[in-house]
Every structure is written in C-alpha cells, then in structure tokens.
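> Each chain, written out:
2 protein chains.
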Amino acid sequence: MEQINPAQYELVYNFFSFTIAAMGSATAFLWLNRSQVASYYRPALTISGLVTFIALYHYLRIFESWEAAYTVVDGAVQATGKKFNDAYRYVDWLLTVPLLLIELILVMRLSRSETVSKSVRLGTLAALMILLGYPGEISDQDNVRWLWWALSMIPFLWILVELFGGLSSSLAAQPESVRGLVNRARWLTVLSWSFYPVVFVLPMLGLEGAAADTAIQIGYSIADVVAKAVFGIVIYMIAVRKTEAEGGA
Amino acid sequence: MEQINPAQYELVYNFFSFTIAAMGSATAFLWLNRSQVASYYRPALTISGLVTFIALYHYLRIFESWEAAYTVVDGAVQATGKKFNDAYRYVDWLLTVPLLLIELILVMRLSRSETVSKSVRLGTLAALMILLGYPGEISDQDNVRWLWWALSMIPFLWILVELFGGLSSSLAAQPESVRGLVNRARWLTVLSWSFYPVVFVLPMLGLEGAAADTAIQIGYSIADVVAKAVFGIVIYMIAVRKTEAEGGA
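Chains U and B, in that order, are what the protein sequence lines are. The first sequence begins at 1125 in my numbering and counts up by one. The second sequence begins at 1125 in my numbering and counts up by one.
I should point out that these hints are in silico values taken from the structure, not numbers from a laboratory. Heads up, some of the hints might be wrong.
Note: identical chains are not told apart, hence a pair may lie in one copy or across any two.
Keeping only pairs whose Cα atoms sit at most 16 angstroms apart, straight-line, the calculated EDC-like set for lysine to aspartate or glutamate is [unchecked claim]:
#1 Lys-1207 / Asp-1337
#2 Lys-1207 / Glu-1191
#3 Lys-1206 / Glu-1191
#4 Lys-1206 / Glu-1261
Chain U with its partners taken away, still in its complex shape (with noise of 0.2 angstroms):
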C-alpha cells in the first residue's frame, strides 16, 4: 500500500475502532436479547451474534495490523516495513457470509428439511464466492483479477436468484406483520453484499493511491456494519414479532 497521510491513516484508525465498538455492541445485544423471543428463534439471534463476534475478533486483528504497519511520530507517518494483513477479512468472510445466510433462513421458520436443504446450498454457494474471490484479491494482474471476480459472481448472483426466487413463496407464508421487515432483510443483504465486488474492481479501473486505499478500508468497514450489525438487528425484530403473532416468548 503506497504512503498515506496522517489524516487517512486517522480515517481509517477511527473507522476501525467504530466498527469494534459497533460489532461488540452487536453481539451484546443479540446475545442478551435472545430471552426476548420464542425458544424456536434462538438460534437465530444466537447466530447472528455470531456472526457480529466473529467480526469483532477480526476487526481487532484489522485494528492491530493497521497500528503494526504504520507509526505516526510528530505528525508524519511511516511505513514500519510490516504488512497491513488484509487476509483477516476473507477469513471473516468465509466464516460468517454462510452464517448470515442462514440467520434470514432460520427466522424464517421454515420445515426442517427445507431449513437443512435451503442452508446447505445458500451456505455452500456463499463459501464458494468468498474462496472463488481470494486468489484474484492477492494478484495485482488485472486479467487475474477480473477471471476470479467473474468465477466469484456465479454463486453470488445464483444466491440473488434463491433470496428472490426460491424465497418468494416462503416469504408470502410469513405472518402480515412480518412479511415486509422480511423482505427489507433480503434488500439489505443484496445491497450490503452488492458493495463488495463493486470494491474489488476498483483498482482494475485505474483508482489507485492512498485516497484509494482510504475508501476502500472505510468502505469496507461502512458495508460490513450495515452487512451484519444492522442486519442482525433486524433479524431481531423479526423474531420479537413472529414471537408476538405466535403468542409469545
């Protein structure tokens, strides 16, 4: 990564520790919370809590690479010579994009068989994005890069097609009440998960440099929150809800 400013690299250090605090925040909450709903959607908040630690524990990783790999003295910063280890977020990833997969699966209430089939495959396509993603992301080759993020959108627009296809006729047999947060998790998912690739391709197009590189650490940050704090919180709502209209906890 070519040098930043001191103000970046304080952009990107505030941005990092925000996430830690919106991440531990999360977790928290979804944890403590499960008492609030009915014993069949636990595990949901129980994974979506999950997921939300596991981001916690990486973005420490994150925060402590990113201190690692600079120093700021009198108001210049400098490169120490270690590399700022951006890996921790294809090991997050791989962790915790089947996971959130199957939180929107589990609150949904489905059957069993169609809860265990429909994880499986949404979880597998997710984990094959990621893996699909990780070798283009370690090349600087541009016709490298651009092979692995086509082989990575394959599953990627295949899960796109399950949450709005295969989805639809569970969604309808939701409760009234619930039909529409339902279907505001699904946007968020797409939304969320649409910023990532967008990212990837960024230096293939020519933005490079420090602003860059700035952008893409807060963007990330910015997509991950939204991706699984929010999301997670929204998992909740629906489970206190469905709680509600089922006749409670």
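Chain U is fixed; fit chain B onto it per the hints.
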C-alpha cells in the same frame, strides 16, 4: 496539547481509570439485573448496559492513547510524539447518545408506533448533533469552531423541545410511583448533556494551556459517568418500579 506537569498527567490518568471502573461496573449491574424487571423492560436495561459497555471500550482506548502520548521519567512528563486521540470520544458519542434517548423512550413503554417514531426522530437528531460537532472539534480556528458549534446546537435544542414538549403527555400517562423518576431522568439528560457544548466553547473563550486541557479531560469523564452510568441506574430504578406497579416480573 501543550506540555502538562506530572500532577496533571496523573490526575487525568487516574480519572480515566476511575471512569473505566465505573463504566465496567455499571455494565455488569445493568445486565445482571435484567431478570429483576418485567420482560418488557429488559431491552431498556440491555441498551443501558450497552451504552456503558461502549463507553468502557472507548475509555480503555483513551487510557491507552494517553499512556502512549506521554512518558513520565524521573518526575518529568515528556511527550512521546504520538498524538492523544480525542476522536474516540466522538465515535463513542455517535453510538451512545442515540441509544441513551432510546433507553428513556423504551422504559416509558409507549405504543409500538410511538416508540419507533420517537426513537427514529430523537436518535437521528442525536447522531446529527454529534456529527455536526466534530468538524469544529478538530479545527483550531475560532470562527470555524463557532460555526459548527452553532449548527450542532440546532439538533440539541430540538431534542430538548422533544423531551419537554413531546414527551410530557407521555409522562402524565406513567404510573404515579415513577413520574418523579422519569422527570429526573429527563433533567439528568439535559444537565449532563449541557456540559459538552460548554466545554467545547472553553478554548474559544481563551481558556487554554495545560490546566484547561486537564480540566476538559476530567470534565468530560465526569459528564460521561453521570450521563451514562448514573442515568442507567435511574432507568433501572424506573423499570423496577414499573414492574412492581404492573404486578411483578
């Protein structure tokens, strides 16, 4: 920040440590006592504990940053060249100030639509207030600071109007036994929050130097303990009394 003397350094250091202890114990108290209140009030205690938990995290970072910014060797304080990062406060407030208003709304047990609309309105105003304050905080030009201070005061005053206008009819609907406490919680909010814009203005009034910096750090710490930990205990007391008034947990 200009050079401070060892007594000032240690005073701030010990105040940060006091605040860490206060926030950590408030978090444990609020979360452990969730079971003491009726199910409806538990999210209010969860969120009260979240606020002190988020503050705990940020005071740990502030403490670290303070330690890294100075060394005390043989009774003399020396700046290490690393900047004391005050931005942690703004990140903290951005997350906790909306949540503080939501605590108060939740414990009042309004209708669902009122709870949602008031939470969204007050939460947005609170976030706006913090965001508008930050560009002024990082500027050392008085006119820039005054501009952002004035802009930030607009949502602040709007919040006061909501607390004393919009919530007054809801206050009348509270059980007799808690009306006084709810009123006190509103006043605690107003008085502790008023401290922040006053501290912001101090350097513009010519109050600078090591003594002023020391006073500001200690002042913010006390204001944070009152606005978050003490306020959380008041929310807990309201929840306990309302649980009793409504016939038990």
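> Would you mind marking each hint as holding or not holding in the structure?
Results for each hint:
1. Lys-1207 / Asp-1337: So Lys-1207 and Asp-1337 pass the 16 angstroms test inside one copy only (14 angstroms; across, 23 angstroms).
2. Lys-1207 / Glu-1191: both (11 angstroms within a copy, 13 angstroms between copies)
3. Lys-1206 / Glu-1191: both (10 angstroms within a copy, 12 angstroms between copies)
4. Lys-1206 / Glu-1261: Neither: 19 angstroms inside a chain and 32 angstroms across chains, both beyond 16 angstroms.
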